[in-house]
Amino acid sequence: MEGCIATAHHQLPAPVPSLARPSPSFRLRTQSLNTLRLRRVFDLFDHNGDGEITVEEIALALDRLGLGADPAELRSTVAAYIPPGAAGLSFEDFEALHRALGDALFGAPVATADEEVEVEEEEDMKEAFRVFDEDGDGFISAAELQSVLSKLGLPEGRSIAQVREMICSVDRNSDGQVDFGEFKHMMQGIAVWGA
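Numbering (this note's numbering), first residue to last: 186 to 380.
Honestly, the hints are just simulated from the structure, not real lab data. Treat the hints loosely; a few may be bogus.
[Unchecked claim] List time: in silico PhoX-like cross-link candidates among lysine-lysine, alpha-carbon distance up to 25 Å:
| hint | residue 1 | residue 2 |
| --- | --- | --- |
| 1 | K369 | K336 |
| 2 | K369 | K311 |
| 3 | K336 | K311 |
From just these sequences and the hints, can you work out the full model?
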């Protein structure tokens, strides 16, 4: 995209893994990136911004992502993590639920060698990139980013101009789209910034 002007730095939202077949990136190996991603998911689910996620807000978010869940089953799973007297999950409660689900699906975390962690982090990045690269051409276009943002119900998804601005903020070669290298650079910047 020609004429990208430096603007406020916007970040791409974190992708949400499919619940049909659990993704290994459900629990990332880099704790600061995992916490940042989890916080973004929490903020997306917290529809009214009150700092708590109710079962209804979780159901709404899952429905918007096409991952509808049985309300009774969802309520029974989440209820154990909602403190007495609270309407929903605080971020700390949400982290505990996420950790328990991760342990149930993948077993407790095991320490790995540095090289193994790097390979796994690279795979996490590739998987996240594929969520946005809907047509699989190796690039995230403004239309693809807008589609994902709209599916997540984010207000940025309503404005193609705002989406193009987000693309410009990470598009180092000014071609109007985000390639894997640019995406990876942006995500590593988030991990360092959020650490």
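Going down the list of hints, with the structure as the test:
1. For the suggested pair K369 and K336, the alpha carbons sit about 22 Å apart, so the restraint of at most 25 Å is met.
2. With a CA separation close to 8 Å, the supplied pair K369 and K311 stays within the 25 Å bound.
3. Proposed proximity of K336 and K311 is supported: the alpha carbons are some 20 Å apart, at most 25 Å.
This entry satisfies every hint, going by the numbered hints stated previously.
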